[in-house]
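Undergrad: Residues per chain, in single letters:
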Amino acid sequence: MLHLVIALIHEAKPLIAHYRMSSLRGNHPFKIYTGDALTLIVSGIGKPAAASAVGYLQALSRENGPAAWLNIGIAGHQHFRRGQGFIAHRIQDRATGRCYYPPQVLPFSASSGNLITVDRAERHYEEDSGYDMEASAFYNAAIRSSTAEFIQSYKVVSDHPQASVEKITKAGATQNIAARMDEITPLISTLQNGIADYRKIHVPSPHFDHIAQRWHFSETQKIQLQHLLRRAQVLFGAQFPIQAAPESHKTAKGFLSALSETLAAHQLSL
Amino acid sequence: MPAFSALYIEDPCRSLPRVQDILKKCADIPHIRCERYGEVFNPAAQNFRVQKKRPGLILAKKYQNRVLPAPPGYGFGNANSYYFSHLLNCPYDCRYCFLQGMYRSAHYVLFVNYEDFEKEIAETIEKCGDAPSYFYAGYDSDSLALEQYSGFVNYFLNVFKNFPQAYLELRTKSAQIRSLLRHEALPNVVIALSFSPETVAAQWEDRVPAFSKRIAAAKKLEEAGWPIALRFEPLIDYKGVQADYQQLFIRIFDALDVNKLHSVSTGLFRMPKTYFQNIVKLYPDEALFATHDETRQGMAAHSKEIETAQRRNLEKMLFDFIPQRIYYRCALACEPA
Ligand code: SF4
Chain A
1 MLHLVIALIH
11 EAKPLIAHYR
21 MSSLRGNHPF
31 KIYTGDALTL
41 IVSGIGKPAA
51 ASAVGYLQAL
61 SRENGPAAWL
71 NIGIAGHQHF
81 RRGQGFIAHR
91 IQDRATGRCY
101 YPPQVLPFSA
111 SSGNLITVDR
121 AERHYEEDSG
131 YDMEASAFYN
141 AAIRSSTAEF
151 IQSYKVVSDH
161 PQASVEKITK
171 AGATQNIAAR
181 MDEITPLIST
191 LQNGIADYRK
201 IHVPSPHFDH
211 IAQRWHFSET
221 QKIQLQHLLR
231 RAQVLFGAQF
241 PIQAAPESHK
251 TAKGFLSALS
261 ETLAAHQLSL
Chain B
1001 MPAFSALYIE
1011 DPCRSLPRVQ
1021 DILKKCADIP
1031 HIRCERYGEV
1041 FNPAAQNFRV
1051 QKKRPGLILA
1061 KKYQNRVLPA
1071 PPGYGFGNAN
1081 SYYFSHLLNC
1091 PYDCRYCFLQ
1101 GMYRSAHYVL
1111 FVNYEDFEKE
1121 IAETIEKCGD
1131 APSYFYAGYD
1141 SDSLALEQYS
1151 GFVNYFLNVF
1161 KNFPQAYLEL
1171 RTKSAQIRSL
1181 LRHEALPNVV
1191 IALSFSPETV
1201 AAQWEDRVPA
1211 FSKRIAAAKK
1221 LEEAGWPIAL
1231 RFEPLIDYKG
1241 VQADYQQLFI
1251 RIFDALDVNK
1261 LHSVSTGLFR
1271 MPKTYFQNIV
1281 KLYPDEALFA
1291 THDETRQGMA
1301 AHSKEIETAQ
1311 RRNLEKMLFD
1321 FIPQRIYYRC
1331 ALACEPA
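One line per chain: the protein sequences are A and B, in this order.
Counted from 1, the first sequence has number 29 at position 29 by the working numbering; the numbering is strictly sequential.
Counted from 1, the second sequence has number 1264 at position 264 by the working numbering; the numbering is strictly sequential.
Bound conformation, chain A alone:
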């Protein structure tokens, strides 16, 4: 699952079209679109809007487990040419001075650069950096529900010292993003594959629901059951060893201690 967070609908349009996403029904404070293992939220401009949008999607998809997050949008830059795309490898919040370093460990093919998140549109471009208005808040919010490697910001340069921010049009924003779909789609695939592998590792045991219903388990016992079943899955696969078979036990406690002992007594074969 990948969540896309985009400030303006004009920036989002090429993605909605490319991934054939449809609008999510219901009464939501943001425009939300869904597609195959993809959600797109139109956050609005600025840090508070980006943070709220991330928070809203987090609440909406709480039950679905960890997801990847990608913020896409146009940005200014001191010297990158207009239309150039880049992944932010360092995001600085100008107001607080705080820096974030989204790890670049997945095999992204797009190039990367610095990004400064500002509270008002940048007109001076003093540093060797891109300038946007959402990334730091997006990152800071997304990190609460996922791991940093799967949270990235991708920007397309729309303005720089020779082509000021005032000249950006809605159609221009759409065009900027559309022209970089050759970089954006592989980036989305890489994040989707990465998070899918990550989620596979953490899949709960298929026996959990069935056994949890068999007896009464306290909340602590349920957690213990999850851990033990996970370990049993690794060591024995789908089949329980006979001494820990659920049918041989009468209580939750008896089952848990038999399973625990069986696991501890197991000697690995290499």
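It is worth saying that the hints were derived from the structure and are not from the lab.
A few of these clues could be false.
Just so you have them, the derived chain B footprint on chain A, three or more residues with Cβ under 8 Å [claimed, not checked]:
| hint | segment |
| --- | --- |
| 1 | 144–155 |
| 2 | 196–208 |
Simulated DEER-style distance windows between Cβ atoms [said to hold, decoys possible]:
| hint | chain 1 | residue 1 | chain 2 | residue 2 | range |
| --- | --- | --- | --- | --- | --- |
| 3 | B | Thr-1308 | A | Gly-237 | 54 to 60 Å |
| 4 | B | Asp-1011 | A | Ser-23 | 44 to 50 Å |
| 5 | B | Pro-1187 | A | Thr-220 | 54 to 60 Å |
| 6 | B | Lys-1239 | A | Thr-220 | 56 to 62 Å |
| 7 | B | Lys-1304 | A | Pro-204 | 54 to 60 Å |
| 8 | B | Thr-1295 | A | Gly-55 | 35 to 41 Å |
We treat Cβ as the ideally placed atom computed from N, Cα and C, and that holds for glycine.
Since the structure of chain A is already known, use the hints to place chain B with the ligand on it.
TA: This is chain B with the ligand only, laid out in the frame that chain A set:
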């Protein structure tokens, strides 16, 4: 050769010649500035396992605690034992390694202010007077790892050359020994090589050079006069473990001259409970951790009975090859390299 995902450079060390050298060697990856390495290395919500696929290299300065007392029972020296870490994390990927549970990030941190380390080492040696002192350099990484970038061995051999009363242990699973062979052997620099049976290596020591390469490297070092030490750790329990160690010992002691060995040690499979819990979260699909649930005195470990039997059996086998006087038990295990 590790392909770093990026270079992170602390502002205060960018101008150092050692750093400029590394920047040149890694010209084609992003160079990212940071104020302090902890901004990149320490934040929560990072995943060591995901990062291990392609870690970045952080170039930083270490400002304090450069030389620390070694934990009790660590290494072959008794009193005056210290360790220092120029590098955090390791290019190899041993599933039993405690670094995965200790750090949030798999990025490498290379502390480039060797001159400050040297100063503190010299002061520590002087404090010990005429008594021997022992320095371990492989506590938070493999000592020879990333040598082509760090030049660590070259620098610190020249340091220890001037202090014959101080011993340096370089602990490694590497077969890259060129930097050592370029120097004349130093009697006070011990090259400690960690070996596991091939079944263990195949299962849990990813990216570690093959046994054949490592034993050939050990032989070359021995011939060049370097004191060689052998480390057998961590002792992991599995079916057929004894036969595998028997085979391993035969191959090693066939190749090396026992009379020239500096020391031999064994170490148990033990690690602090919190590290272990972190690792289990990273690798819930790993069989090595699925059998474990015993913790004693804050350490995850095999049961006492297994530990005792395994160590006794191994020592019995070992003493058929080596004299007992060069053997010691390492109190810690699952340690780097
Ligand atoms: S055990 Fe040693 S060689 Fe293996 S990953 Fe850890 S430090 Fe590296």
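Undergrad: If a hint holds in the structure, say so; if it does not, say that too.
TA: Cross-check of the supplied hints:
1. With 6 residues having a Cβ less than 8 Å from any Cβ of chain B, the segment 144–155 of chain A passes the three-residue criterion, so the hint holds.
2. With 3 residues bearing a CB less than 8 Å from a CB of chain B, the segment 196–208 of chain A meets the requirement of three and the coverage assertion stands.
3. For the hinted restraint 54 to 60 Å between Thr-1308/B and Gly-237/A, the CB-CB distance of approximately 31 Å leaves it violated.
4. The hinted window of 44 to 50 Å between Asp-1011/B and Ser-23/A holds, with their beta carbons roughly 47 Å apart.
5. Our hint of 54 to 60 Å for Pro-1187/B and Thr-220/A holds, since their Cβ atoms are close to 58 Å apart.
6. The given range of 56 to 62 Å is broken by Lys-1239/B and Thr-220/A, whose C-beta atoms sit roughly 34 Å from each other.
7. Hint check: Lys-1304/B to Pro-204/A, Cβ distance near 32 Å, so the stated range 54 to 60 Å is violated.
8. At about 38 Å, the beta-carbon gap between Thr-1295/B and Gly-55/A stays in the expected band of 35 to 41 Å.
In the structure shown, a violation is registered for the earlier hints numbered 3, 6, 7, in ascending order.
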